[in-house]
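Full structure from sequences and hints, please.
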Amino acid sequence: DTEVTQTPKHLVMGMTNKKSLKCEQHMGHRAMYWYKQKAKKPPELMFVYSYEKLSINESVPSRFSPECPNSSLLNLHLHALQPEDSALYLCASSYVWRETPRSTDTQYFGPGTRLTVL
Amino acid sequence: GQNIDQPTEMTATEGAIVQINCTYQTSGFNGLFWYQQHAGEAPTFLSYNVLDGLEEKGRFSSFLSRSKGYSYLLLKELQMKDSASYLCAVKSDYKLSFGAGTTVTVRA
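Chains A and B, in that order, give the protein sequences.
Just remember that my numbering sits 338 ahead of the position in the first sequence, which is counted from 1.
Just remember that my numbering sits 166 ahead of the position in the second sequence, which is counted from 1.
The hints are simulated quantities; they were obtained by calculation from the structure and are not laboratory data.
Ideal Cβ placement from N, Cα and C applies to all residues, glycine included.
Some clues are possibly wrong.
[What the hints assert, rightly or not] In silico lysine to aspartate or glutamate, EDC-like type, Cα no more than 20 angstroms apart, as pairs: (1) Lys379(A) to Glu175(B); (2) Lys357(A) to Glu422(A); (3) Lys234(B) to Asp259(B); (4) Lys347(A) to Glu207(B); (5) Lys391(A) to Asp259(B).
[As the list claims (entries may be wrong)] Now the in silico label distances, taken between C-beta atoms and shown as ranges: (6) Thr354(A) to Ile183(B): 52 to 58 angstroms; (7) Gly219(B) to Asn355(A): 46 to 52 angstroms; (8) Ser358(A) to Ser233(B): 43 to 49 angstroms; (9) Arg452(A) to Ala266(B): 17 to 23 angstroms; (10) Ser410(A) to Ala274(B): 42 to 48 angstroms.
Okay, structure coming up:
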């Protein structure tokens with residue numbers, strides 16, 4: 339089973355709203371990731387969590403706030419977003435993150451949340 | 167940063183073979199991945215190469231030459247459902263960077 343689930347599938351929010359995206363995996367993976375993908379562009383890394391600790395923040399604006407409550411869950415809290423933040427937000431997980439090259443760091447992606455900011 | 171190049175589009179006939187090339191320039195190579203992405207859906211893992219050579223998985227094969235900074239994904243016996251975007255992704259400094267993707271269209 340290589341399933342990563344994300345909720346909601348679609349989200350429309352105003353620039354003053356606060357919302358959260360949720361990601362869950364039950365594969366025993368200890369690394370989780372947030373990516374942002376604009377239309378017809380490749381995914382871009384936002385955050386990496388390894389063993390529930392934030393390991394990488396790719397200079398993401400503070401209006402995006404990640405949280406990893408436990409090893410199976412990853413949240414992305416959104417506040418005061420801009421219309422240009424509209425995109426597909428993908429969550430991924432892998433067994434480990436910072437490991438010597440092995441297939442155990444293969445990332446498996448969830449279906450994404452399509453976010454529209456009005 | 168990473169520089170990952172792959173063709174924008176390719177078209178092939180059902181039952182044929184298509185080869186998608188990917189060249190990259192990177193520091194600290196940790197592995198190369200190929201993902202398939204249908205429109206509006208999440209990327210699906212296809213293959214992983216960290217050592218030089220060919221990895222075969224059913225109809226899909228992937229090749230890597232680290233000295234040349236080159237990989238290809240070979241799709242055999244093309245089916246209509248293979249119409250999708252194929253993303254070459256390089257792991258460097260333990261971060262995954264994606265190429266822009268190659269849109270493959272399979273025609274009957």
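Evaluated hints:
Simply put, Lys379(A) and Glu175(B) have alpha-carbon atoms about 14 angstroms apart, close enough for the 20 angstroms limit, and the pair holds. Annotation: proposed proximity of Lys357(A) to Glu422(A) holds, straight-line Cα distance about 16 angstroms (limit 20 angstroms). For the hint linking Lys234(B) to Asp259(B), the alpha-carbon distance of about 19 angstroms falls within 20 angstroms, and the restraint holds. As the CA atoms of Lys347(A) and Glu207(B) are separated by approximately 11 angstroms, the hinted pair is consistent with the 20 angstroms bound.
The suggested pairing of Lys391(A) with Asp259(B) holds, with an alpha-carbon distance near 18 angstroms, which does not exceed 20 angstroms. The hinted window of 52 to 58 angstroms between Thr354(A) and Ile183(B) holds, with their beta carbons roughly 53 angstroms apart. Evaluation of the 46 to 52 angstroms hint for Gly219(B) and Asn355(A) yields a pass: the beta carbon distance comes to about 51 angstroms. As the Cβ distance of Ser358(A) to Ser233(B) is approximately 46 angstroms, the hint placing it in 43 to 49 angstroms holds.
Between Arg452(A) and Ala266(B) the Cβ separation comes to about 20 angstroms, which falls inside the hinted range of 17 to 23 angstroms. Between Ser410(A) and Ala274(B) the C-beta distance comes to about 43 angstroms, which sits within the given range of 42 to 48 angstroms.
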